[in-house]
Amino acid sequence: MKSQTQILPNSKQIQNSKSQFSFWGFEIGIYLVVLILLVILGFSAPCFAQAISSTELINNAKSYDGKMVVYKGEVIGDVMPRGKHAWVNINDGNNAIGVWVSRAVAKSIFYTGSYRAKGDVVEVSGIFHRSCPEHGGDLDIHAQVLRKVTSGRVLSERINIDKKNLVLILLGILCIILILRQFKPKSKK
Amino acid sequence: MILRPNLIDLKNIGYYLGKIIIGLALTMCLPLVIGLSCGEINPALDFLIGIEAALIFGLLLTKLCYTDNDLSWAQGMIVVSLSWLAAAVLGAIPFYLSGHWASFMDAVFDAMSGFATTGLALVQDLDHLSYAHNFWRHLAMFIGGQGIVIVALSLFVKGSSGAFKMYIGEARDERIMPNIIDTSRFIWLVSITFLVLGTLALGITGILNGMRPGNAFFHGVCIFMTAFDTGGFAPQSQSMLYYHNGIYELITVVIMILGAINFKLHYHIWMGNRREIWKNIETTGLFIAVTVTLIITAIGLDRAGIYPKAMMLFRKGFYQLISGQTGTGFQTIYSVQFLREWNHLALIGIICAMSLGGAVCSTTGAIKMLRLGITLKALMEDIKRIILPGKAIVTQKFHHIKTIFLEDKQARSALLITLCYLVLYGFGALVGMFFGYPFVDALFESTSAAANVGLSCGITSLTMPAALKLTYIFQMWAGRLEFMSVFVLAGFVVAAIKGK
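As you go down the protein sequences, you meet chains F and A in turn. According to our numbering, the stretch in the first sequence is residues 8 to 196, in order. According to our numbering, the stretch in the second sequence is residues -19 to 480, in order.
In short, the hints are calculated from the structure, not lab data. Incorrect hints may appear among the rest.
[Unchecked claim] EDC-like, lysine to aspartate or glutamate: derived pairs with alpha carbons at most 20 Å apart:
| hint | chain 1 | residue 1 | chain 2 | residue 2 |
| --- | --- | --- | --- | --- |
| 1 | A | 382 | A | 421 |
| 2 | F | 91 | F | 72 |
| 3 | A | 289 | A | 387 |
| 4 | A | 364 | A | 387 |
| 5 | A | 289 | F | 130 |
| 6 | F | 69 | A | 282 |
| 7 | F | 125 | A | 105 |
| 8 | F | 79 | A | 421 |
| 9 | A | 289 | F | 72 |
| 10 | F | 155 | F | 99 |
| 11 | F | 79 | F | 130 |
| 12 | A | 478 | A | -11 |
| 13 | A | 371 | A | 361 |
Remember, it's a predicted structure, so these values are computed and weren't measured experimentally.
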């Protein structure tokens, strides 16, 4: 019987082992989730880590040369396609830097900054070149990943009332001067 | 005894100044039309205000100072120097109203930089500037390069000796045609012809570059105006780096060189005298100067080790050098890179190029090739006098359109202007050093301002001291007018205070 009991666990033991098994299963599940999260974060971290400013990149170009950098800013001007790639100029508020990106990725850019529009704000991750051998020595970034952070928009323009009033006042003065010019001074005898 | 200026002097000056200001007001109509056609309402209002202010000022002056008298030499010079100051102040009004300039002084700085074809800029958030304001920045350079007075001469002033005095006062040493009005019109003919060709070349390249057609041609016309008039403003904050295109850079190099050539030489080439290019002292001088400064810059860049390939070194070095030599100021590197990436030898090469400039009667600033050539010829003549026997007759001649025997008067004039430029470069450098900038940095920026170049090593910024901004404004003004008009104005002020 003893051996049986040793060999065959009783129902309580079976229940305990089941709960133990489910506990271990739960714990493994948590570990797996944590592991997956770590893997996701681990891989994504280098791509979209803290963005480096254009001033920092330009001022310390030598130390960033050939390294993977993250740069964020507003797309300005034209997106200029060149074969399978395109040039996108991105301004972070201090300077604009040219980013060499695949043409397919560049198609996701909808708004570019101008007087009429606020351009899409994008974050790029890529190799920084202090003097790019592929592009005649330009300082640029060859993007590997481009992510749109915020979408741009068309800027509406409201008439500035103060300016309008000033135009009218000056126009009045101008008209008075033009009228006064018609009166010729009396010639001296 | 110094004579105090009388009412007739003031009336003569005021009347012609008023006419030139009215001419300036009319030129502001172009950006107004662009603003309206692009649906830019507030920028259009900015230009309406600018036009009205200039018209009020100009009409009042012509009414109050009405005269039939012709200008004297001194009056003509004073009109010119005051016209440039008035243009900078009145031209700055639309800039300031746009909100892209932090203060009115910054707007005046950019307006003076534009009219004097310098290219140093304090504009903020340029990439969001309206088409109208952007066009005005470039048009100001085109007008300034041609000469503000040339614009007015072509429009208003009928053929008179006063016109010639103002023409000379605006640093145009040479009359291309017997009549000064015809000379002005020829300068316009050359400029407009190249404007059409250059805009087409840049516009088509821009489209092939991937730019939208409208934008490509807008950039084309703007870049042409500032390249031909050796100004250096660009529609985007990255200057030439925006385009990422070697062909675009090459076209601008050709336009910059065309702008740096004497209009008189243009005339002779147009008339079929192409051999003049190879014989002229200015073109040969320019070739030698570019070669020497390029060698200095290239050795410097090679030692700095920033560009590992020869082609990269040439493309970057040559572009900044030609931009500096012609007084344009386009950049294919960031300003800070001059100081952080280039070494002092390369910077000295660029400073030398900037300080020498292009041809006289062109749109470039600085000492200029004719003066440099004459100075060197005079030096050679003196050396010959020492070496050769006392009885030997020593003459020195040079070729500039025709063969000219060098006279002491020419050598003296060339040396005086050269000396003035050197003093002006040094003065700006001293002021820069007073505010704590290192010598080479201060000399670079000062030379760029005084020689009306526009290359910047980063000193010109929103945060630079107001006194330094004023110094650069003065340097741009005095450098563009080549001193004489400025000296005459100073003399006029002294006479008004101390005269009897």
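key: Violations among the numbered hints   = Numbers 1, 2, 3, 5 and 8 - these are the hints that the structure violates, sorted from lowest upward.
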